[in-house]
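Undergrad: Now for the letters of each chain:
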Amino acid sequence: MKPEGIKPIEEILQSGIERIADAKTEEELNRLRVAILGKSGSMTALLRELKNVSNGERPVIGRFLNEARETLETAFSARERALKAALLNERLKNERIDITIDRETRRVGGQHPLYLIKNKVTDFFSARGFMIADSPEIEFEYYNFDALNMPGDHPARDTQDTFYITDRILLRTHTSPGQIRTMEKKKPPIRMITVGKVYRSDDIDATHSPMFHQIEGLVVDKGVTMCDLKGILSEFAASFFGQGTVIRFRPSHFPFTEPSVEVDATCPSCGGSGCRVCKGTGWIEILGAGMVNRRVLENCEIDPNVYTGFAFGIGLDRITLITHGISDLRLVYENDIRFLKQFS
Amino acid sequence: MKVPLSWLKEYVDVSVSPNELAERLLNIGFETEEILDLGEGLDGVVAGRVTEVSAHPKNPKLQILTVDVGRKKSAAIVTAAKNAAVGESVPVALSGSVLKDGKKIAPCDFAGTVSEGMLLSLAELAPPLGLLDETPADKGGIFHLPPETVPGTTAKKALGLDDCVLDISITANRPDCQSICGIAREVGAALGVPVRVPEIGYGKKPAKAKIPAVRILDKSACERYTGTLIEDIKIQASPEWMQRRLKMSGIRPINNVVDITNYVLLEIGQPMHAFDIRHIDGCIEVRHAKKGEEIVALDGNRYALSETMAVIADNTKPVAIAGVMGGEYSGIEPDTDTVFLEVARFFKGSVRLTSRTLGLRSDSSARYEKGVDLFSVEQGRRRALHLIERLGAGHVTELSVEDGVRENPSRVIKTTPAAINRLLGIEVPKREMSRILSALGFLVTGGEEALVCTVPPYREDVDNYTDLAEEIIRFYGYDKLTPTYMETVRPTEGGMNAAQKSLQKLKELLVAYGCREVLTYAFIHPDAKEKLGLSGRSVTLRNPLSAEQSEMRTQLLSSVLTAAGFNQNRKNGEFRLFELARVYLPDALPLTALPVERERLCLAFAGKNEDFYTLKEVVTAVFSSFSLPLCIAPTKAPYLHPGMGADILRGEETIGSFGKLHPACAAAFGAGENLFVAEIDLQPLLSLPSPVVKYVPLPKFPAVSRDLAIVVDEPTTVGLLKMTIGQTAGSLLEEVRLFDVYRGGQIAAGKKSVAFSLRFRSAERTLTDEEIAAIMERVMKKLESVYAASLR
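Quick note, the sequences are listed as chains R and L, same order. First residue of the first sequence? That's 1 in this note's numbering, and the numbers climb one at a time after it. First residue of the second sequence? That's 1 in this note's numbering, and the numbers climb one at a time after it.
It should be emphasised that the hints constitute simulated quantities derived from the structure, not laboratory data. Be a bit skeptical, because a hint or two may be false.
[As the list claims (entries may be wrong)] If you want the footprint, here are the derived chain R segments under chain L, 3+ residues with CB under 8 Å:
no. : stretch
1   : 86-96
2   : 130-144
3   : 218-224
4   : 324-335
[Claimed, not checked] Lysine-lysine pairs mimicking DSSO-like chemistry, simulated, CA-CA at most 30 Å apart:
no. : chain 1 : residue 1 : chain 2 : residue 2
5   : R       : Lys-187   : R       : Lys-222
6   : R       : Lys-120   : L       : Lys-752
7   : R       : Lys-222   : L       : Lys-156
8   : L       : Lys-9     : R       : Lys-279
9   : R       : Lys-279   : L       : Lys-208
10  : R       : Lys-279   : L       : Lys-752
11  : L       : Lys-505   : R       : Lys-118
12  : L       : Lys-291   : L       : Lys-247
13  : R       : Lys-341   : L       : Lys-247
14  : L       : Lys-501   : R       : Lys-197
15  : R       : Lys-279   : L       : Lys-501
16  : R       : Lys-39    : R       : Lys-120
Note that this is a predicted model, so its numbers are computed, not measured. Even for Gly, the Cβ is constructed at its ideal location relative to N, Cα and C.
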């Protein structure tokens, strides 16, 4: 049998819960809190009357009173949170912007497309232990020709192809002098690439420019083979032009390598079935390579009976055109921002 | 090298199609640039014999020809041409054929009579290389085939156009393949079939005349010189087959003697020259030209010779420029009776130098420049004499002369299959090596472990075992090389060095600041630096393509300004451009040492939001990226606006400048006036050691901020005020920041209000208001005394 004193508590609790739920604002809720749980609140009044309750009933009523109070406080907190959340949601509902508007702020710039391709190539070789060497663009004839096994009567030395400054100093016609400069300073094991501007006396047209860019690679150590050359170039082609790219070697001739090869990759445009880019052959020529000529090693005081090596040279301009489908090399050197913006 | 397939087939059996042959040649290092099909557009054209000619019933301008087209068929052809008579052979394009110009032949109704094809003129046959000639009988429109042609024969066959010409590019190391016989040797080895050699036999008759003695004086130009006397020359046209082969190779037939020399040039690769003996006075010498000597060459031009050039001279005059061209009287005339046939080896370097210096080229010089060997001298000589006899062009006499080296000792390369395989990385069996090398004319001996090869005399390019390795893998197949990954190569440290990394980092920084990289030519017009008001030594090219590309730049600005102007003219008016490239700075001229190549940075900003300060922000960031403060002074750079530019100092040295472009420079480069530019030498920055950052404890005590607004005279710079504040406020001052510069309103003319925010902090304690007030007062007093500043 419930003691008589429980009933008013139940009534306050009952009506309190209902009124809390009905409270529409935080102010209303606070007023209600004061009315029930405040100093002169209805629940507080009952607490004060507890001293008049008989000793036998007091613990029961007291406990009930405390539980009721806690229940109400929990309800007040929950309602308060709900009202706050509703208020926030209401505010956020009205805070709306047009997210489709673009503000005219400064954009990020970009590197030149040819140098972006350069980065891609140097990243590949850097990660495989190739140091990046610097080499002068204005070069002695010796480094550009003689040391590379291109003696005095070699046709490439003709002024039709080479820009001369004096009888002995010229603009390098390829990055291969970088091989000699590296091997003079450093002994095997050598893995290096060198990138830069090279110059030949060609009028500018869709595929030629008097200044263009090459990437030279060189590996020299004991036991380097032509299969190693094929290995790294296969990997490079797949990395640069995409997985599934296959290369082939074709015999060719460079004075500074023996044997020498031209390297073709399956056309990145058609995958080898033949298209306009590869002129229907399915192959595109990407670089020249070979085993370092014994005389070149000897010129650098590296014993060709102990060491072998390979070298390769990539036309950076050419692979830039191929990669991006650029039809005219002149665009690369014209620096029209509308062109440059397309690549970054 | 133009190779008519039919000529090649004379020396090697080619069982594969022209395309397949080109593919095989590619695999052994010879790229076919073009295959010219001589019979292109003649697929449906056959030989027909006219059996009846009748008038057209309605149109008097037309005739109806009945033509036997073989296989017991005949065709009715309506034609306006009247030059075909009964019994004559004519080319008939039957219905369904497509001519070279794309014209499709279909049955066609001519006023009620259907024509079943078309008779072709020379223009419609369209033979390439001028291979067919018109005779008077063909003038009326219809071309005539040889009279005995069997009806139904394809026109290609009847006209000898069932052939093609391969244009093959030959690499510089293979001069021996600049000939039909040389290509035949390679094709034979590639197809595994034997190669035939040209007939070179001839008889010698007693001579009536004397032959000039021969001496080589210039051994650096000529290794061997031979001469043979040929008498009773009968100048006439060479036979049709020879003319045709010359035409296919792009050489115009002249007469039998000249054609023979050209024929042997193509077939054996040996140039030769036929002198009319009447114009040789005494002995023949191969010598340097004398100073002041001149010659009128066969092309009719007079050439001044120099002592670097070799000539063929008689007792009184030069009669030919060695290897390049004969003199005007040396040529063959219709009445030539006796010929001195010169066959020699002139060295390629000598011929090239002479040819370039004189600006005179010939088929002979072009061939000599690539290199002729002693083997081809003898082969060529005998082949030419054989052909002279065979064609009845003259009597080869027993008189011949020679000087120089007859043949070089044969070269023997001793190596091992193992050495070759070590280079290649695969195991090519010894017997394969022997097979390939033997097919190429090498004499191979040695047991299983050794490879001893005698090099054929025409392979002067083969010198050591790596050359043999190339010969072997060329034919064994590069596709047999299996990719490997340098398993035996010792590891190395890769990547960029510190300077290269700094440059790359700098590029990324500039890109983040909205700058776009340009790439311009390193050679410029010599006027460019003057346009910027700069001077100094620069490297000049001896043989530039043009003045615009004749000087190696000593600054980047002119190039970047050109790019800027280019874009402004195309209405791309808003940009931040940068170029990071080398300049070339010579120590002394003419160059004896290489010039210094230094990395420079150039910036050019344009657009409505750009000004000196937006540029300065980026320049400051550049220096921050090298952990350096930006130290500046008013600019002395002639290309900058004198009041809106700054020089960048590093110690005493100016390492760059930036600011607003001088209006005169803007005009000189066709760029707009509001350009803000910078040029900075990066080299001093790249060589700096990159400092390791040491941690500084974070502040424990709060900062106190005070604002200070003062009025000063207009010329007083913010920089000076800041410096004075910093020096006066002492060590508790953490930062001074400018937040406002104001003119007008209550500020008197010629004055400006400058407002700073000062932040103080102590590492040991919280600062008191009294301390700060004292410092602020000290600062203000100082500003009053130095700059006559007043508190605003």
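Undergrad: A separate judgement is required for each hint: does it hold in the structure or not?
TA: Here is what the structure says about each hint:
With 0 residues bearing a CB less than 8 Å from a CB of chain L, the stretch 86-96 of chain R misses the requirement of three and the coverage assertion fails. Coverage of a stretch by a chain is defined here by at least three residues with a beta carbon nearer than 8 Å to that chain's beta carbons; for the stretch 130-144 of chain R and chain L the count is 9, and the condition holds. Under the rule that three or more residues need a Cβ within less than 8 Å of chain L, the assignment of the stretch 218-224 of chain R holds, with 5 such residues. Judged by the Cβ-Cβ criterion of 8 Å, the stretch 324-335 of chain R is covered by chain L as claimed, because 4 of its residues qualify and three suffice.
The hinted pair formed by R/Lys-187 and R/Lys-222 meets the criterion: a straight-line CA distance of about 11 Å does not exceed 30 Å. Only pairs whose Cα atoms come within 30 Å are accepted, and R/Lys-120 paired with L/Lys-752 is rejected, the gap being roughly 53 Å. A threshold of 30 Å between alpha carbons decides the hint, and for R/Lys-222 with L/Lys-156 the separation of about 59 Å lies outside it, so the pair is violated. Straight-line distance between C-alpha atoms of L/Lys-9 and R/Lys-279 comes to about 29 Å, which keeps the hinted pair within the 30 Å bound.
Taking the CA atoms of R/Lys-279 and L/Lys-208, the gap is near 62 Å; set against the 30 Å cutoff, the hint is violated. For a cut-off of 30 Å, the pair hint linking R/Lys-279 to L/Lys-752 is broken: about 71 Å separates their Cα positions. A hinted pair counts as satisfied when its Cα atoms are at most 30 Å apart, and L/Lys-505 with R/Lys-118 qualifies at roughly 15 Å. Proposed proximity of L/Lys-291 and L/Lys-247 is contradicted: the alpha carbons are some 40 Å apart, above 30 Å.
Between R/Lys-341 and L/Lys-247 the CA atoms are separated by roughly 53 Å; this puts the pair beyond 30 Å, and the hint is violated. Note on L/Lys-501 and R/Lys-197: the hinted pairing holds, with a Cα-Cα distance of about 19 Å set against a maximum of 30 Å. Restraint check for R/Lys-279 and L/Lys-501: the C-alpha separation of about 40 Å exceeds 30 Å, so the hint is violated. Of the pairs offered as hints, the one joining R/Lys-39 and R/Lys-120 is violated, with about 77 Å between alpha carbons and a cut-off of 30 Å exceeded.
Going down the numbered hints, you'll see the structure goes against 1, 6, 7, 9, 10, 12, 13, 15 and 16, while the others check out.
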